[in-house]
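Protein sequences appear in the order of chains A and B. Heads up, the first sequence is in my numbering, so the first residue is 1 and it goes up one at a time. Heads up, the second sequence is in my numbering, so the first residue is 102 and it goes up one at a time.
Note that these hints are calculated values from the structure, not bench results. Treat the hints with care, as some may be off.
Here are the simulated distance ranges between beta carbons [as the list claims (entries may be wrong)]:
#1 A/Ala100 to B/Gln201: 45 to 55 angstroms
#2 B/Glu112 to A/Leu98: 18 to 28 angstroms
#3 B/Ala297 to A/Arg30: 25 to 35 angstroms
#4 B/Arg287 to A/Ala25: 38 to 48 angstroms
#5 B/Leu290 to A/Ala6: 16 to 26 angstroms
Source: prediction; values computed, not measured. All C-beta atoms, glycine included, are put in the ideal place defined by N, C-alpha and C.
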Amino acid sequence: MSATVAAIATLALATFAIRAAGPVALGGRRLPRPLSAALAALPAALLTALVVTGAFDRDGALAVDARAAGLVVAAAATLLGARMVTAVLLAAGTAALLRAI
Amino acid sequence: MTPSAAPAAREELRGGIRAGAPLALPMLLIGLSFGIEAVTRGWAPATPIAMSLLTFSGAAQIAVLGVLSAGGGVVAAVAAGLLVNLRFLPIGIAVGPSLQGRAWWRAVVGQGIVDVSLSTARLPGGGYDGWRLLGAAAPQWLGWQLGTVAGVVAGPRLGDSGRYGVDALFPAFFLVLLLRELRRPRARLTAVAAAAVALALIPLAPPGVPVIAGCSVVLLTAWRT
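Bound-form chain A, shown alone (with noise of 0.2 angstroms):
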């Protein structure tokens, strides 16, 4: 248990720093161009670098499971129009549907 709980304290404490870090070494100040030109880009690289490792990554090998298939559907429903949280759900019910049968 006190492993549990040092290793919860830790990533706590860790992650408030990390978060704090940017604004409160930078306040104020101004970035260097090509730092805010790399730093517009940021969105789309970190979004597809968590959809890529939430779907493909299965304990450290790659995978090619019902997770893939849901995010196809719930891609094709944003297409679609649908909002955010019917396309989530129609991922999971992909995944579910297709682990059923």
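Position chain B against the provided structure of chain A, taking the given hints into account.
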């Protein structure tokens, strides 16, 4: 921006909450999936709840759960969580220069940094506002906490969580956000590069590294301009 409740601050806070509100329910669902998976994999109920309150990062918490379930040790699990959360560092660097006020207040505002902050907390004229950032994170925070508790309560009754496809919720959530981002043509090249790097590293690197490495492709964008 100072920590006073001036009318302008309240206005930004409200604007942030409005921007973040549509993400509350999807976040609740992912929190639910985290809570369910944590208890079905044998965690004590208090552990996922404490983690959600103290860490408030879906990607990191899911990574920790994944490493522990795959038989990795506690140290490897925490390292994975930290690596995943390093993604908040460049977001903080992007947001930081816009923030005013004392250092402690900027540290507090930084706690509102989430994956979508760069779009939800952005002011129409460019730059970011501290109150707006906190307001945008609040609905997600609430959804994440409620979802975790609900998952912990429901988990033992549900059995195998994979049966419900809850592990597809997390990537789908970020995919919907990504599709909005990809309306900008320049973002598409970035996304392709990030996907290639992250995919290549999944079997090679420890958990967390593929996400950070994927983010680092933006440095190539800077070099190109």
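Taking the hints in turn, this is what the structure says about them:
{"no.": "1", "hint": "A/Ala100 to B/Gln201: 45 to 55 angstroms", "result": "holds (54 angstroms)"}
{"no.": "2", "hint": "B/Glu112 to A/Leu98: 18 to 28 angstroms", "result": "violated (47 angstroms)"}
{"no.": "3", "hint": "B/Ala297 to A/Arg30: 25 to 35 angstroms", "result": "holds (32 angstroms)"}
{"no.": "4", "hint": "B/Arg287 to A/Ala25: 38 to 48 angstroms", "result": "violated (28 angstroms)"}
{"no.": "5", "hint": "B/Leu290 to A/Ala6: 16 to 26 angstroms", "result": "violated (42 angstroms)"}
Of the numbered hints given earlier, the model fails hints 2, 4, 5; all others are met.
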